[in-house]
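Novice: One-letter residues, chain by chain:
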Amino acid sequence: KAGVTQTPRYLIKTRGQQVTLSCSPISGHRSVSWYQQTPGQGLQFLFEYFSETQRNKGNFPGRFSGRQFSNSRSEMNVSTLELGDSALYLCASSFGLQDTEAFFGQGTRLTVV
Amino acid sequence: AQSVTQPDIHITVSEGASLELRCNYSYGATPYLFWYVQSPGQGLQLLLKYFSGDTLVQGIKGFEAEFKRSQSSFNLRKPSVHWSDAAEYFCAVGAGGFKTIFGAGTRLFVKA
Numbered sequence: 397k398a399g400v401t402q403t404p405r406y407l408i409k410t411r412g413q414q415v416t417l418s419c420s421p422i423s424g425h426r427s428v429s430w431y432q433q434t435p436g437q438g439l440q441f442l443f444e445y446f447s448e449t450q451r452n453k454g455n456f457p458g459r460f461s462g463r464q465f466s467n468s469r470s471e472m473n474v475s476t477l478e479l480g481d482s483a484l485y486l487c488a489s490s491f492g493l494q495d496t497e498a499f500f501g502q503g504t505r506l507t508v509v
Numbered sequence: 003a004q005s006v007t008q009p010d011i012h013i014t015v016s017e018g019a020s021l022e023l024r025c026n027y028s029y030g031a032t033p034y035l036f037w038y039v040q041s042p043g044q045g046l047q048l049l050l051k052y053f054s055g056d057t058l059v060q061g062i063k064g065f066e067a068e069f070k071r072s073q074s075s076f077n078l079r080k081p082s083v084h085w086s087d088a089a090e091y092f093c094a095v096g097a098g099g100f101k102t103i104f105g106a107g108t109r110l111f112v113k114a
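First to last, the sequence lines map onto chains A and B.
For this note's numbering, add 396 to where a residue sits in the first sequence, where the first one is 1.
For this note's numbering, add 2 to where a residue sits in the second sequence, where the first one is 1.
With the rest of the complex left out, here is chain A:
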């Protein structure tokens, strides 16, 4: 079956702009988590969605937001981009909330210039 699909794979944006990233989980999975990966901070948890509701949120400013649709697809949005937002954004899907078996997408590489 198809894996986790993240689009786009690469993105270049200018400071101050906003960006929307998309994640389609594995069919049947209802939980989607987002992570930011940078060389300096490693993998940091952003949010977790289950059944269209944000269940948990990491320690990120309000410029980072997300949502989940009824088909479990999820989007995350970053407004007023800063240079420090440049990172690989990873999405992981799992069947249930905080399921121990998570499957990661290939990520979206965001570069802010």
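The hints are simulated quantities; they were obtained by calculation from the structure and are not laboratory data.
Bear in mind the structure is a predicted one, so any value in this text is a computation, not a measurement.
Built from N, CA and C at the ideal position, the CB exists for glycine as well.
Where hints are given, some of them may not hold.
Stated by the list, open to error - The following label-pair restraints were derived from C-beta to C-beta distances: (1) B:SER28 x A:GLN437: 13 to 21 Å; (2) B:PRO81 x A:THR410: 31 to 39 Å; (3) A:ARG405 x B:SER86: 40 to 48 Å; (4) A:GLY424 x B:ALA31: 23 to 31 Å; (5) A:THR410 x B:THR57: 36 to 44 Å; (6) A:SER466 x B:GLN73: 40 to 48 Å; (7) B:PHE53 x A:GLN437: 24 to 32 Å; (8) A:LYS409 x B:HIS84: 32 to 40 Å; (9) B:GLY43 x A:VAL509: 14 to 22 Å; (10) B:THR57 x A:THR476: 44 to 52 Å; (11) A:VAL509 x B:THR57: 45 to 53 Å; (12) A:ASN467 x B:LYS101: 22 to 30 Å.
Take the given structure of chain A and dock chain B to it, following the hints.
Specialist: Using the frame of chain A, we list chain B on its own:
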């Protein structure tokens, strides 16, 4: 506080040599432990996981890991490394979702 430490930022081994990547954790309860691998520009792939039972866990691609509660360690091993194993390896502890804490990663270089 819960944490994961991977003491080695990078390791270089010769192809065909054995490999051990170290992972130490701090977790209040009996942990769920994971090892993931990430190739350049790719997402994370689960190599193996430990929840309970046999402390020696077999994973994909010939990897295994041993849970040692007394040492709070979950080291990853492979008896013979292949050039395609060159990647970054992440140890993680937790219960999934926001409760999963990742280590900083160990980058593996394989020399011919």
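Novice: Which numbered conditions among the earlier hints are violated in the structure presented, ordered from lowest to highest?
Specialist: As far as the earlier hints go, 2, 3, 5 are violated by this structure, in ascending order.
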